[in-house]
Every structure is written in C-alpha cells, then in structure tokens.
Amino acid sequence: MIRVVLPAHLRTLAHLDGEAQLQVEGPVTQRSVLDALEARYPMLRGTVRDHVTQRRRPFVRFFACEEDLSHEPPDVPLPDQVATGAEPFMVVGAIAGG
Amino acid sequence: MSRVRVLVGTRKGAFVLTADAKRERWEVSGPHFAGWEIYHLKGSPVDPDRLYASQSSGWFGQMIQRSDDGGKTWESVGNEFVYDGVAGTHQWYDGTQHPWEFARVWHLEPSLTDPDTVYAGVEDAALFRTVDGGRTWQELSGLRRHTSGPSWQPGAGGLCLHTIVLDASQPERIFTAISAAGAFRTDDAGGTWQPINRGLQSQTIPDPDAEVGHCVHHVAMHPSRPGVLFMQKHWDVMRSDDAGNAWHEVSGNLPSDFGFAIDIHAHEPDTIYVVPIKSDSEHFPPDGKLRVYRSRTGGNEWEALTEGLPQSDCYVNVLRDAMAVDSLDSCGVYFGTTGGQVYASTNGGDTWAPIVRDLPAVLSVEVQTLP
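Protein chains in written order, with our numbering: chain G, 1 to 98; chain E, 1 to 371.
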C-alpha cells in the first residue's frame, strides 16, 4: 500500500482525513502514484499536475525520505521505503505567496 | 415573503449572506473553500439554488464548484479548461508574442434559460461554455481567434475576460469585455465576434481610438432595454444605445471617471451606479471618501451617495464584479470592498449600511432575489 500525504487544501477537496492509501500496480513512480491518486480522487485532477502536459504545477513539490524529488523524471522509481509503504510520498505546497 | 441571498467571493473564500425582504438582519455563512481565491460565484436565473463558483489558488490551480441547494453543500465539477486547437500567441507586456496560457476563471455567467449551461470568462482571455452543469467545458474559440487576437495584451491584472452579458431578447447575442483588448459582441451564439469599441478614447494606447486595445473594466445592461449598454472603462464612463456599435462618454460631473464597478437599478433602466476611484495608480476613492455616484438620467448628471458610507480616511477599492442589485420593489444595491466590507442599500442608494465589515478582500458580489 502506497501512502500519500497531501496538503490540507487538497485533503479538504478530496474529503480525506489523514493519508491517502493507494494500491499501485507495477513500478511505483511519481506517475503511477499520481495516476492512482487521481483515479481514486478525481476531484484532484489538475491540482497537482497539469491536465494536458501532466507536468507538476510550479508551486507543488514532491518529497519522500527527506529528499526533494520534485525534479526527478516522472517514470523514475520512487525509493523502496515509499514502494513498501514504510515512508509516505509527500505532496507539498511550496512556501510561496499568500 | 421574499428573501435575498448575497454571494460574496473573496481572496480567501466565499460567503453567503441571507436576509428576508426587510434586509435588516443578515445571516452569514462561510467561509466556503477557506483559503482559496473565489473570483466569482453566481446562481442560475432559472434554478436559484443552482450556484457555480470559481475557486482558484496559485498552488493548486482552478476548481469549479457547484451547489444544488443554494450554497449549503458543494460539489467539485470539471476544471479542465483547454484552449481549442493550437492556442497561439498574444502580445506580452514587453511587446513580444507570448503563448496563450490558462490561469483562472474570472467570471461565471449562468444561462438565462438552462441551469446546466454556464459561460466562463478566463485568463488568458477566452470564453468557455459548459452544457452539462460544469462537468466539461468547451471553448467558444471564435472570440480568441478573432484576427485581432495576437494584438491583445494583458492589463495589470492579466489578460482576462471578465465580463459576460447575455441578452434575453436575442439569445444568440453575447457581449464580453477583455482587459486590455476591449468589448466584443457575437450575434451567432459565439461563432463569430466583432469588436465594439467605436467611440472609446484611451490615452494609454498608441492610437487612442483603435479598434481594439482598450482596457474596458465592466459593462452592464438592463434586461428590459437590450442594446443600451453602460461601461466603466479604465478611465471614462461610457454609454451605447446601439448594442455597442458606437459609444459616447457620460462621465459628466463625476469627481473621477476612473473605476471598476458599474450597475443598473433593477426597475429604472436609466438609473446607474458607479464608484469613482482616484486613478489607475491610486486605487482608492478620491479624498478618502467612499461615495457611490448615481445618475438617474442614464449618465452625465451624477449625485454622490454618502449616507452610511465612510467619509474620511477610507482607502479601499471596489472591484469590477463587486456590485450588484436585487429586484425587490425597493431596489437593493450592494457592493464589496477590498477592505472586506459589504455595504447594502435598501432604497436604491439613498442610505447604506454594512452587512459585514471584516471579510477578506472582496472580489465579487452577486445578489439573488428569492421567492
């Protein structure tokens, strides 16, 4: 089970209390985790990554295992601790703006 | 007994203010979508409990929310606004060409006849429409593809389509306004568009009477008198008596003809309201006095309405979508400020009182008169 921590505003949108827990088939990557997140919570489509380009929105960051993975290509496998559920994949709103 | 519902969009959420027809005691609901910018929310004229809200954030982009119970509960609907075909480019601040990029929805205009049909004015400027209650949105790209499109350039607030006026007498006619391109009209339901800016004079562009390039701030039309339009431009209050084919200035004795909001009395189509703002670089009322100006003559002759409004040390702004009227017998007039106040008049503007004083900066005010 993949654990995803969302910022408060996205938890509110998704009516989610706490972490999202997702089943991901195949390699655990940014893309496969976000695909699973958006399939389970369709109201989040467009909020983390662009509808068309599928690129991360500029003020959204991806952290895991105390590393900033925001600039990793979307198909690179995430750390084993994320794939095993030991650590969460964190979607973070950047510290910027009001 | 009739009721009034005031829909307020702010920098940090939406608020719903309700009262009975006396409009003395108000119930405040909100913030809805706390922390998000709510540029605009508006109800369907044919199903007043059907509301649509534009919710956006610099972090998480655009959401559209829909309520089917007058704002008690909300549902996220479609938020995919994709330009039709190759988006192309428009003029950027430095004169170079810049790709059309969707940023946010500024204005939602529900259809006059179908609660599932809504028009959305967006930044970068384009007009979208849903016919399925907001689940999917399609661009009416004839507007953006007008031959003048590559010459459109953003105003200080972005290249935004902020005004949509529907005409009940001619369902295929729509008016829009874009900062800083000007006003446009379609007579074929959005297929083709023509600029309607003849008579506008803007000293802030190289050719003051150019066909496009004017920073139109807002346009209002009374439903009983289609074709008569009132416009608050960047500078100048304007009037057209022929659906925008030609405009003439009606600023008259206003202390400043800069401003954003303009609206029309519900029962008197020649009674119009503006809130003069000092200048384009000083977005506050002249002399620190918050005054609504009313013309009962369709422009040119204006009177200051001050009773109940702060007449010293007031430096708020009133934005383009932040004024509205109800349709009770004694017409109510409402406006919101960037200081977070929403003022109401129950007598056509003669006297004013705040409904709320301390909201986040108000971006939009709409009013529903309920049976």
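The set of hints was computed from the structure by calculation and includes no laboratory data. Keep in mind it's a predicted model, so treat the numbers as computed, not measured. All residues carry an ideal CB built from backbone N, CA and C; glycine is no exception. Accuracy of the hints is not assured; some may be wrong.
Derived coverage of chain E by chain G (criterion: at least 3 residues anywhere in the stretch with Cβ under 8 Å from a Cβ of chain G; other residues may be distant) [what the hints assert, rightly or not]: (1) 110-123; (2) 329-338.
Here are some chain E residues pointing at chain G (derived, C-beta under 8 Å) [what the hints assert, rightly or not]: (3) W36; (4) S57; (5) V82; (6) G85.
So, going through the hints one by one against the coordinates:
For the stretch 110-123 of chain E, the stated coverage by chain G is violated: 0 residues have a C-beta nearer than 8 Å to a C-beta of that chain, whereas at least 3 were required. Only residues whose C-beta sits within less than 8 Å of a C-beta in chain G count toward coverage, and the stretch 329-338 of chain E has 0 of them, not enough to reach three; the restraint is violated. A least Cβ separation of about 7 Å between E/W36 and chain G falls short of the 8 Å threshold, and the interface hint therefore holds. Annotation: interface hint on E/S57 holds; nearest CB of chain G at approximately 7 Å, less than 8 Å.
The beta carbon of E/V82 comes within 6 Å of a beta carbon in chain G, closer than 8 Å, and the hint placing it at the interface holds. For the restraint placing E/G85 at the interface with chain G, the shortest Cβ-Cβ distance is roughly 13 Å, beyond the 8 Å limit, so the hint is violated.
Hints 1, 2, 6 from the list above are not met by this structure, while the remaining hints are.
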